[in-house]
Amino acid sequence: MYTQSTLIALYTIVRKEISRFTRIWVQTILPPAISMTLYFVIFGSLIGPRIGMMNGFSYIDYIAPGIIMMSIINNSYANVVSSFFGAKFQHHIEEMLVAPIPNSIILIGFITGGIVRGFMVGAVVTLVALFFTELNIHNLGITIAVVFMTSVVFSLAGLINAIFAKKFDDISIIPTFVLTPLIYLGGVFYSIDMLPEFWQTVSSFNPILYMVNAFRYGMLGESDINITTAFLILTLFTCVLFTVSLHLLNKGVGIKH
Amino acid sequence: MSALEINNLNKVYPNKLTALKNVDLKVSQGDFFALLGPNGAGKSTTIGIICGLVNKTSGSIKVFGHDIDSENEAAKACIGIVPQEINFSQFETPLDIVVNQGGYYGIKRSIALQRAKKYLDKLGLTEKCHEPSRQLSGGMKRRLMIARALIHEPKMLILDEPTAGVDVELRRSMWDFLVEINQQGVTIVLTTHYLEEAEMLCKNIAIIDQGKIIENTSMKILLSNLNKETFIIDLISPIESLPELNGFDAKLIDPLTMEVEIEREKSINDLFKLFSTYNINVCSMRNKSNRLEELFLDLLDSNSKED
Ligand SMILES: Nc1ncnc2c1ncn2[C@@H]1O[C@H](COP(=O)(O)OP(=O)(O)OP(=O)(O)O)[C@@H](O)[C@H]1O
Ligand SMILES: [Mg+2]
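Taken in order, these protein sequences are the chains called A and B. Its first residue numbered 1, the first sequence is counted upward by one per residue in the numbering used here. Its first residue numbered 1, the second sequence is counted upward by one per residue in the numbering used here.
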């Protein structure tokens with residue numbers, strides 16, 4: 001297992017990652033709080049009452065878990081992609097590369113930063129939601145487990161994006177063209193039961209659907225999909241992305257010539 | 001056991017550029033070693049491979065007996081690196097940068113904090129240690145990287161052009177500092193384009209050109225190869241033309257300045273006797289260029305002719 005000095009190195013990376021995003025909280029914590037407030041105002045308070053009930057819940061209660069999950073996904077991804085790309089771009093990733101730190105620790109360090117940011121933003125957005133509706137938690141264990149695993153998966157995805165990114169454009173392409181559509185089509189704002197059968201099938205290939213619904217299950221006890229399937233998918237993604245990222249770091253892709 | 005042992009190192013960059021060809025190098029413990037070479041010779045590439053920043057194509061490297069492939073972490077723990085290019089976060093403060101580097105090497109935060117303050121102080125950065133590092137001057141940034149490289153008190157310090165862009169006074173204090181560290185037993189490997197710096201500080205030297213080591217010897221032996229020196233001689237009173245200076249290759253640059261090449265086996269006394277004969281009065285005399293510089297240029301010249 002890891003030695004004490006390795007754990008000190010890990011602690012240092014995590015501490016640095018957390019202080020990075022808290023120092024620039026105006027860019028990292030505030031924007032999701034504002035945009036999610038707007039979602040609650042517009043979709044929850046203004047349009048929601050006209051939509052009526054969704055699977056037995058008021059519309060705002062139905063979308064609240066989806067909106068919290070959306071901010072967690074976006075922020076864990078954004079944290080790692082910009083932190084790692086920044087470290088690459090300014091070359092201070094070299095500070096870690098010259099030190100006797102196993103690559104797995106570098107990886108876990110960056111991922112932990114993404115998880116903490118995911119949890120923090122998730123907590124802030126949950127607080128915002130409380131101004132608009134009452135939130136109940138159906139199953140705390142499942143809720144936390146889903147948030148944790150989802151933020152791990154998207155932190156890893158952000159890291160892989162950053163490894164391949166060569167310029168600043170490259171770190172916004174995936175979030176804009178892949179992540180955002182998948183989130184919006186992942187059942188944040190509607191139940192896939194509302195879709196024609198064909199689109200239900202298409203949606204079942206969207207991993208975010210499972211995460212959003214598992215989280216909604218944790219909070220409301222209601223889900224479009226099977227919870228076990230959701231956890232299997234999350235586990236599978238975690239393992240695959242972790243292995244891929246570690247392999248890329250070991251080969252030095254994007255960071256060593 | 002050598003501090004550093006490089007065997008048959010080759011590097012071809014992904015763009016097919018061959019940066020190193022069969023490089024062999026040995027640096028003994030406690031040495032003050034200069035790695036010299038013109039721009040693009042492969043110095044930074046070599047250093048990058050030693051530190052784990054550049055992937056090698058083939059060959060092996062041992063640092064204090066630890067192979068960088070099989071005992072990667074043990075090897076890295078022995079090395080402190082001051083890179084050629086600035087590579088710290090411009091948003092962090094010098095203190096954070098140095099303390100975090102300590103953390104990466106597994107040093108407890110409380111100890112790292114004390115040491116960081118000590119080294120930042122030694123390098124004259126105490127006043128700046130809480131300011132964002134982008135506000136440091138170029139020379140301060142270099143010193144910050146030296147402090148950072150020392151935080152884990154490495155057995156070997158590698159400096160890639162540490163004095164580039166550093167003013168004369170500061171350069172001298174940096175030399176004193178490096179000599180002091182070397183005397184405490186730290187092996188130092190240095191690259192520089194200031195050859196007088198290498199001549200003054202280093203015991204052993206390697207010259208690399210186009211990816212190949214073309215000379216690897218002690219500074220003393222290298223300098224003893226110098227078979228002639230060129231001197232500039234300033235005269236008190238102007239002369240119209242040069243008299244016959246038997247056996248010396250001289251030319252008049254202007255009526256008050258003369259340039260003379262003196263071969264090693266010739267005595268300078270003879271030259272001055274001739275001056276007396278012709279009533280030429282000398283007011284001062286100096287080397288045309290640094291001695292190492294002449295040798296360096298000769299070596300590069302003959303290397304390019306061999307190609
Ligand atoms: N990342 C890279 N990709 C491709 N070629 C590179 C890369 N880095 C360096 N080179 C090439 O490798 C050769 C050696 O470069 P290197 O930086 O090692 O030289 P150097 O001796 O440190 O020069 P200088 O004194 O200018 O710092 C050069 O021809 C350079 O263009
Ligand atoms: Mg260089």
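Since the hints were derived computationally from the structure, they do not count as laboratory data. Quantities reported herein were computed from a predicted structural model and do not represent experimental measurements. Be a bit skeptical, because a hint or two may be false.
Claimed, not checked - Label pairs and their calculated CB-CB ranges:
#1 172/A x 164/B: 34 to 40 Å
#2 71/B x 253/A: 21 to 27 Å
#3 4/A x 59/B: 31 to 37 Å
#4 250/A x 58/B: 42 to 48 Å
#5 240/A x 59/B: 46 to 52 Å
#6 200/A x 109/B: 51 to 57 Å
#7 218/B x 240/A: 37 to 43 Å
#8 138/B x 35/A: 54 to 60 Å
#9 243/A x 109/B: 48 to 54 Å
#10 2/B x 240/A: 40 to 46 Å
#11 3/A x 2/B: 46 to 52 Å
#12 58/B x 3/A: 29 to 35 Å
#13 253/A x 138/B: 29 to 35 Å
#14 59/B x 202/A: 40 to 46 Å
Said to hold, decoys possible - No more than 27 Å apart at the CA atoms, straight line, and that leaves these computed lysine-lysine pairs for DSSO-like:
#15 167/A x 16/B
#16 16/B x 251/A
#17 16/B x 256/A
#18 251/A x 251/B
#19 62/B x 118/B
Heads up, the beta-carbon is just placed ideally off N, CA and C, and yes, glycines get one too.
Hint by hint, here is what the structure shows:
no.: 1; hint: 172/A x 164/B: 34 to 40 Å; verdict: 36 Å, holds
no.: 2; hint: 71/B x 253/A: 21 to 27 Å; verdict: 23 Å, holds
no.: 3; hint: 4/A x 59/B: 31 to 37 Å; verdict: 33 Å, holds
no.: 4; hint: 250/A x 58/B: 42 to 48 Å; verdict: 18 Å, violated
no.: 5; hint: 240/A x 59/B: 46 to 52 Å; verdict: 34 Å, violated
no.: 6; hint: 200/A x 109/B: 51 to 57 Å; verdict: 53 Å, holds
no.: 7; hint: 218/B x 240/A: 37 to 43 Å; verdict: 55 Å, violated
no.: 8; hint: 138/B x 35/A: 54 to 60 Å; verdict: 41 Å, violated
no.: 9; hint: 243/A x 109/B: 48 to 54 Å; verdict: 32 Å, violated
no.: 10; hint: 2/B x 240/A: 40 to 46 Å; verdict: 44 Å, holds
no.: 11; hint: 3/A x 2/B: 46 to 52 Å; verdict: 27 Å, violated
no.: 12; hint: 58/B x 3/A: 29 to 35 Å; verdict: 31 Å, holds
no.: 13; hint: 253/A x 138/B: 29 to 35 Å; verdict: 32 Å, holds
no.: 14; hint: 59/B x 202/A: 40 to 46 Å; verdict: 53 Å, violated
no.: 15; hint: 167/A x 16/B; verdict: 23 Å, holds
no.: 16; hint: 16/B x 251/A; verdict: 18 Å, holds
no.: 17; hint: 16/B x 256/A; verdict: 15 Å, holds
no.: 18; hint: 251/A x 251/B; verdict: 60 Å, violated
no.: 19; hint: 62/B x 118/B; verdict: 30 Å, violated
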